[in-house]
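Chains S and P, in that order, give the protein sequences. Quick note on the working numbering: the first sequence kicks off at 1 and runs consecutively. Quick note on the working numbering: the second sequence kicks off at 1 and runs consecutively.
Note that these hints are calculated values from the structure, not bench results. For clarity, every value in this text was computed on a predicted model and none was experimentally measured. Keep in mind that the hints are not guaranteed to be accurate.
Unchecked claim - Examples of chain S residues lying across from chain P (beta carbon under 10 Å, computed): (1) LEU3; (2) ILE24; (3) MET28.
Where is the CB? At the ideal position from N, CA and C, for every residue including glycine.
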Amino acid sequence: MRLRRIVMPEIARAGEVIEIRTVILHPMITGHTAAGAGVSGRRIVHTFHVHYDGAEVFRAELGPGIAANPLLTFTTVATRTGDVVFTWMDDTGETAVETRLLTVAPA
Amino acid sequence: MRRGVAGKALRRALAAVFAAIAPFAAEAEPKARSAREFLSLELAAEQADETLNRGMLWVELGERLWKDGSVPSGRSCASCHGQPGGMRGVATRYPAINRETGALVNIEGRINGCRVQHQSLPALAYESEELLALTALVAHQSKGMIMSVAVDGAARGFLEQGRAVYESRQGQLNIACSQCHEQNVGRKLRGDVISSGLGVGYPAYRLTWQGLGSLHRRLKACQQGVRAAEFEPGSTEHLSLELFLAWRARGIPIETPGIRR
């Protein structure tokens with residue numbers, strides 16, 4: 001299992017803007033090195049998306065120009081208590097899913 | 001009486017001259033500075049904030065390995081040492097002399113010594129993710145504590161050996177460590193600023209490597225830069241140089257895991 005880390009508040013007030021920081025340990029192999037020339041050697045996280053409260057709140061499509069161990073920070077608005085689901089997908093079909101519960105208190 | 005008055009006036013004049021010279025004297029021997037001070041504000045902030053510092057991923061990995069008792073001997077690091085917090089202050093004293101063998105060992109060497117002697121496990125390869133993670137975990141416990149290696153007794157010889165490496169010209173470019181890291185600190189070399197060459201952030205997350213690496217790997221990178229024959233990581237030359245760098249860093253706080261360019 002790839003090491004990943006999510007930093008976000010556990011509790012927020014309704015309507016509050018919260019910052020979420022995510023990072024996954026991934027080599028992001030471009031496939032353009034002398035050793036593994038050609039796109040077939042590419043192994044990167046190509047998609048990262050986050051769902052919360054029944055909707056996609058963040059999505060990133062990553063290219064081979066992104067450095068290893070991609071660190072992505074974004075904000076969203078706390079609406080109601082529920083799971084925030086983070087999904088990373090890489091070229092080999094490997095998918096990493098992480099879930100965090102966000103408890104929302106009335107504003 | 002006249003002499004006494006004149007003497008007093010002379011002493012006063014001399015004191016004034018010394019007071020005027022003192023700041024220059026201090027400048028003549030600049031204090032070695034951590035490479036952190038040469039980072040951009042953004043990178044320095046990334047290092048300072050542990051939720052942004054990607055080196056912390058290895059520290060986290062190290063915490064898992066620390067507790068892992070799924071080995072034939074059934075003994076994890078925690079079985080003997082308890083919580084990683086018990087390692088607080090250890091990194092300020094390394095490299096150090098192993099009392100039993102008389103050899104100089106750094107944290108990597110100490111961890112491997114533990115594995116072989118007490119856990120009946122093979123030594124981890126230098127620069128392996130596991131050894132980097134455990135080293136980062138141990139060094140991180142001393143974050144903020146100042147370096148204070150012992151350089152007396154058996155360590156003295158290694159210190160002098162390290163100093164000799166540091167001050168000797170190497171490679172096709174025929175440059176000694178000291179020529180950059182003493183004489184040209186703060187000036188540009190290629191796209192970067194030359195630091196004082198201290199190891200207080202290591203193992204560090206270096207952007208060039210896109211990952212964590214040991215101080216020895218960093219030293220090798222300098223040797224590649226001057227086109228010198230590279231020392232083997234963990235060799236006596238490297239360890240002596242590491243001791244000398246640790247001694248130069250005396251009084252400077254540990255930053256592991258540092259962020260470096």
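Structure versus earlier hints - violations, ascending order = Those not satisfied: there are none.
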